[in-house]
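A.B. asks: Can you make the complete structure from the sequences, with help from the hints?
Okay, here's what each chain looks like letter by letter:
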Amino acid sequence: MKSLLIIEAQKSPEFLERLLRVCRHRGFTVDSINAETANIKQSTHVTLTVCSDRDISLLTKQIEKIVGVTQVATLQQEQNIKATA
Amino acid sequence: MNGANFVVQALKEQNVSQVFGYPGGAIMPLYDALFDGGVNHLLCRHEQGAAMAAIGYARSTGKVGVCIATSGPGATNLITGLADALLDSVPIVAITGQVPTYLIGTDAFQEIDVLGLSLACTKHSFMVSSAEELGPIIEQAFEIASSGRPGPVLIDIPKDIQIGPSVTHHLAKLVKTEKSIDHKAIEQAKSMLQVAQKPLLYIGGGVGMAGAVKELRDLIKYSKIPSVCTLKAIGCVPHDSPFFMGMVGMHGSKASNLAIQECDLLIAVGARFDDRVTGKLDEFAENAKVIHLDIDTAEIDKLRQVTLSITDDLKKVLPAINTKLSITSWQKHIAKMKIDYANRYDHPGDPIFAPALLRQLAELMPANTVICSDVGQHQMWVAQHMFVDFPENHISSSGLGTMGFGVPAAVGAQVARPDNMVIAVSGDGSFMMNVQELGTIKRKQLPIKILLIDNQRLGMVRQWQKLFFNGRYSETVLTDNPDFVTLASAFDIPGESIKSKSQIDQALQRFLNSDGAYLLHVSISEEENVWPLVPPGAPNDKMMESVE
Ligand SMILES: Cc1ncc(C[n+]2csc(CCOP(=O)(O)OP(=O)(O)O)c2C)c(N)n1
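Here the protein sequences come in this chain order: A and B.
The first sequence: position 70 = 70 (the working numbering), numbered continuously.
The second sequence: position 481 = 566 (the working numbering), numbered continuously.
Hints listed in this document are in silico derivations from the structure and should not be mistaken for laboratory results.
A few of these clues could be false.
In silico lysine-lysine, DSS-like type, Cα no more than 30 Å apart, as pairs [to be verified]: (1) A:K61 / B:K148; (2) B:K97 / A:K61; (3) B:K421 / B:K374; (4) B:K283 / B:K365.
Computed footprint of chain A on chain B; a stretch qualifies when at least three of its residues, placed anywhere within it, have a C-beta under 8 Å from a C-beta of chain A [stated by the list, open to error]: (5) 196-206; (6) 382-389.
Some chain B residues well away from chain A (every beta-carbon gap over 12 Å; in silico) [said to hold, decoys possible]: (7) S102; (8) V124; (9) S265; (10) N453; (11) V546; (12) S559; (13) I589; (14) Q591; (15) R595; (16) E611.
The beta-carbon is built from N, C-alpha and C at its ideal position, and this holds for glycine as well.
C.D. replies: So this is what it looks like as structure tokens:
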């Protein structure tokens, strides 16, 4: 199952590494990723599509635990993603 | 004041009086500051030993343990300790020196990407990139290590920041927002408890970490609910509590494992459905609804879908769900299982039976003794046959199962609690993995008692080879072990060897009454196995109880 995640985090040099490591380790493959850092807000905005047999909440709960993550939103299932794309 | 002096000052502000570590090039400024900085430093003889001593310190006190190492090899040697602390949720702050900022990324001498290494084995990690950051980072590190679900935090400090001028930092007054308790969920939990015919508490390490042992004991006393515990929760419930059945899981008691399969309501308290506990997950407590109480949201529904969860401080939740139960026939059944399947200590012949020896030791040792265990069969025998007053008194590498843990953890516990007896129980394989820490015991004259159970084998692996690999004993024979008593004597640690039952009484007296450190080396047969055993992939009620 594919899911789209939208993540806000405080800017830090290693944030993307932390995020991608958690995705891989928890059994999710990253299909696409876009990350932008807004220097004024000192925050990083990431849009991520991941794929796994596992329930997406297993991943989002782990991402929420990464220090500096301020928001995680999920859109599950392919049709939802297409509908909003 | 330079950065290094600032770090020592900041440690004092965090009420740190003791740290464990090993010096080297990139951390020399910090060692210079520690020289007369007013924080005690204990030199361990390997960074892994320092990390595990910090764990022993933290687990025996509930405080944050601190360890220090240099860059490169010093930092890589810490990694196993950090992983151990992560899997057992132990609050640790590790400080590593790093090459100067301007050399980072140049493959400088003893440069390794420690932040990169730390990602998989810490709760969080920091690389300090300026003097301004030092104060806030140290403060945050202690907060992160000890709050919520505790864990290890690493701070990597480049040498130029240690040497350069510091920037004043005032401790921020952390305002903690008290989350109000979920009354609706509490009421639901209570009514589920009241209608259950066969409720069972499955107690995990989270209870001790939350400081909720009293609340748990009050609940058990009032509701008389039957209970089982994990390896990490040993000591939470008094061992002689009427409906407490001891450890559950792969080497759990028969009563515990059967009760789990029979219960109709399982209340997981600070526990995480680890595979060593559940056996075949699909069949674990198959007929039960589950209530999960934990501080970590990510544990809810991770392995077992639950009917109700409350993610909050167990200190608040446990008293709130406390309720009277009418479950007489379930209690009678549990009491009968406890009698029918009680541990047995009859054992033929003269060779020593380790379970009986450990039981005897538990009965003789003074109140509040801390047991630090290594990893293997002896660890399981400690868990099954010894008993302690509190979870802080049973320190065992549970999640990572790290051989070599016992002796350095005992070092940390003994430094933290000089007035209590500390006993390290080790195996001949595990003991050799951090044997250099005998040097730390000698250096500090720590009165640690070491009970070394020697089967001349990597016993736990041998047991699996016997049961599941057709007795092909590949690389588990240790008949070429050193003479352990002579080895200990090289560190001025007296000791003796015993091998027959008749020697036990007097040897234990000498062991317990020795003024300083002591090694009691006990030879046992390599044929002894740990029973019961839930074989891999089997449900918990399909236990093997002997080789046949
Ligand atoms: C660092 C590490 N390496 C390997 C293992 C795998 N392992 C688990 S128990 C065990 C044998 C332990 O032998 P010993 O310390 O003599 O204890 P015994 O089982 O004989 O009581 C081994 C090799 C481990 N847990 N940790």
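A.B. asks: Look at each hint and say if it fits the structure.
C.D. replies: Results for each hint:
{"no.": "1", "hint": "A:K61 / B:K148", "verdict": "holds (27 Å)"}
{"no.": "2", "hint": "B:K97 / A:K61", "verdict": "violated (35 Å)"}
{"no.": "3", "hint": "B:K421 / B:K374", "verdict": "holds (24 Å)"}
{"no.": "4", "hint": "B:K283 / B:K365", "verdict": "holds (21 Å)"}
{"no.": "5", "hint": "196-206", "verdict": "holds (count 4)"}
{"no.": "6", "hint": "382-389", "verdict": "holds (count 5)"}
{"no.": "7", "hint": "S102", "verdict": "holds (27 Å)"}
{"no.": "8", "hint": "V124", "verdict": "holds (26 Å)"}
{"no.": "9", "hint": "S265", "verdict": "holds (20 Å)"}
{"no.": "10", "hint": "N453", "verdict": "holds (35 Å)"}
{"no.": "11", "hint": "V546", "verdict": "holds (27 Å)"}
{"no.": "12", "hint": "S559", "verdict": "holds (30 Å)"}
{"no.": "13", "hint": "I589", "verdict": "holds (47 Å)"}
{"no.": "14", "hint": "Q591", "verdict": "holds (53 Å)"}
{"no.": "15", "hint": "R595", "verdict": "holds (49 Å)"}
{"no.": "16", "hint": "E611", "verdict": "holds (38 Å)"}
The structure does not agree with numbered hint 2 stated previously, though it agrees with all others.
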